[in-house]
Amino acid sequence: MLRDWLSVGVAMAAGLFMTVQYFLVSESANAAYRTVLLWMQIVFAFALIIGVIGVLRIHLKKLSRPGSGRIYSGTLLAGAVLMSVFGFSGGIERGSAFLWVFDNLQAPMQSTVFSLLAFYVASAAYRGFRARSMESAVLVIAALIVLIGRVPVGEWLSPHIPESADWILNVPALAAKRAILIGIGLGMIATSLKVIAGLERTYLGGR
Amino acid sequence: MSAAPRRWVFAVMGAVVIGALLFRVGLPIRITSETRQVYEQLESLDSSDVVMISFDHEASSLPEIGPIGSAIIDHCLRRGTKIIGLALFSEGTAAGYSLLGDRARRAGAVEGEDWLYLGFRPQYAAAILGMGEDIPQVFETDYQGRPLSGTPLGMRVHDYRDIAIVVSLSDGSMPTYWVEYAGARYGARVVAALTAVMVTSFLPYLESGQLAGIVPGMKGAAEYEQLMGLPAAGTRGMDAQSAAHVVIAVLVVLGNIQAWSDRRRARRSP
Chain A
2 MLRDWLSVGV AMAAGLFMTV QYFLVSESAN AAYRTVLLWM QIVFAFALII GVIGVLRIHL
62 KKLSRPGSGR IYSGTLLAGA VLMSVFGFSG GIERGSAFLW VFDNLQAPMQ STVFSLLAFY
122 VASAAYRGFR ARSMESAVLV IAALIVLIGR VPVGEWLSPH IPESADWILN VPALAAKRAI
182 LIGIGLGMIA TSLKVIAGLE RTYLGGR
Chain B
1192 MSAAPRRWVF AVMGAVVIGA LLFRVGLPIR ITSETRQVYE QLESLDSSDV VMISFDHEAS
1252 SLPEIGPIGS AIIDHCLRRG TKIIGLALFS EGTAAGYSLL GDRARRAGAV EGEDWLYLGF
1312 RPQYAAAILG MGEDIPQVFE TDYQGRPLSG TPLGMRVHDY RDIAIVVSLS DGSMPTYWVE
1372 YAGARYGARV VAALTAVMVT SFLPYLESGQ LAGIVPGMKG AAEYEQLMGL PAAGTRGMDA
1432 QSAAHVVIAV LVVLGNIQAW SDRRRARRSP
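For the record, the sequence lines run as chains A and B.
So the number in the working numbering is just where the residue sits in the first sequence, counting from 1, plus 1.
So the number in the working numbering is just where the residue sits in the second sequence, counting from 1, plus 1191.
Cβ pair distances, simulated, as ranges:
(1) B:Q1335 <-> A:Q22: 29 to 37 angstroms
(2) B:Q1335 <-> A:L200: 43 to 51 angstroms
(3) A:L25 <-> B:R1352: 19 to 27 angstroms
(4) B:L1212 <-> A:Y73: 26 to 34 angstroms
(5) A:I190 <-> B:R1352: 24 to 32 angstroms
(6) A:W101 <-> B:L1212: 24 to 32 angstroms
(7) B:E1331 <-> A:R58: 30 to 38 angstroms
(8) B:R1269 <-> A:S8: 46 to 54 angstroms
(9) A:T113 <-> B:E1231: 32 to 40 angstroms
In short, the hints are calculated from the structure, not lab data.
As the structure is a prediction and not an experimental result, all values here were calculated from the model.
Don't be surprised by glycine CBs; every beta carbon is placed ideally from N, CA and C.
Pulled out of the complex, with its shape left as it was, chain B reads as follows:
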């Protein structure tokens, strides 16, 4: 492709996405069974249950992972379900702390009682397996260095039997390790909240029942917000995502028409 059409492609894509973000169309959002499955499981929990949220992603995927994480955290806080956050990716550590802390403070949740952030542990396989044996042995202190035994929530959790659901917010293959180590070995119920590009990789785990649910990308975040009746960043992003997908589809069709006409011209010319 020459530089000129490439520039046009970039310009059209930029204009369409910005336009869709500025002028909301509000297309209807269909709730998929995958997202509903996760919502209903979290909805069935009460204030005595603990959900573990693992921020297994890099900072680059925050625009997509952030809305999913916010929706799930808000849902837990609204139900009074306790949240324990942690990170198995170093970059997810600060991102998770900011996200969980902000949502919890906004909801008036008390740190140490309603939510707790444990921080990062290296070597995810050993960390996941270790928490199946003894969570305080893997995380002796929380993110800010306070002993786990010094908080009411920290004292309650010993291993996965004390965790109702593990949610892995991931932009990569980390939910596989949660399924293999926490799910298969210790019977933990694992949910994956994924970037859209990773969804196909995890559908076999969902079909086999090894994953208790999947929240698929920004669309999943929008669906979750619809289920909660609180449209937010995910819903706002849907128009832009729809517009970008339409542009790519149109470009695929145009590219094929161009190639077909080129081939036809080449056949005709002597």
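With the rest of the complex left out, here is chain A:
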């Protein structure tokens, strides 16, 4: 209970301070603002450490249990240990083992997984992108125009295709996106005010 009140108090004080200091022009307020910004980074750095410990604990547990996922947990743990050893012992600059592993293993592997999207998108486009009503037919036609109009083949087929694609993006899509952004902005203001007032406490883990 005391911990909850302490957390709400810190959130309230920090929220109020960050709101009020925007309008203050005193040197002491500015110094306090800079200190808060540094503290935010320091606290977040500790959160990263906690995150790493959490991941290691979960995968150590998985490794100790029999099952088909053990190999993945083992790979993750080996990667984490190796990269830490490379980073702390050999540095992270050009020519280091750390950077070599990142450039030649991690980046290509992650890019490969990302590139699989092209295959799944193609498969999903064939299966799911159907014109079942007038509204969905409009969506399919717009998608086809943007799909072809945003690559050079669209320009090669006809200059009207990229022009139409630009119009779709800059007029109807932009209007919808702007409305969504305004809604998100208003929602963020309302949630921020509720956090500062202590009414919104889901960040305490739903207590």
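Start from chain A and add chain B according to the hints.
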């Protein structure tokens, strides 16, 4: 969809993309106003200006982000504009260091004088706001642990007033925070270099003038290379991207024809 057509879809997509990468067609690339806007702003800078490039992306998006970053870095180096690199995503740290370091060394630029890499800082909101107050307070040292005050370029930059343009190379929503914190609060000029899938999300910021420009995905990289007269990875990727888009468009049409004929058959059958 049964396993057989799915396999065919995968095979056709793979064959078309590989074919387009192996045999270049060289389709004409139209320069969009968004890319030209960014190019012209960087072109207007000179050797006394500093551009801040933030590598706000993961390693997985390097094939798309890399060509954009290379084109922008090459442009700055060619103009003699100084570059300060940093990362607000942990994975962007090593990627940014490799990319910026490689391009700079290739151009014969001197580290600490012509370019500087600051590395990663956690909590992007605090880092962006903090740099508006005092860059050396947020980054006391560079990526390799050397004091910022020990380099000629590091000594020149104190806050966003010393930065001509901030470029956020991003595969997510990070440019939003640059706009909200660096742009709105400190008046920094922000440009977003994005993966294609993120472009629509940032068009409202471009229209309102909160973003000074957008480089849209691999196509943007190809356009930028055309503007510089140096075709590279972006231009090479355009044929493959065109081919992949055509395959998806054809599949959408085929899927709809199939669904329409299925519905018709179902109506006819008793």
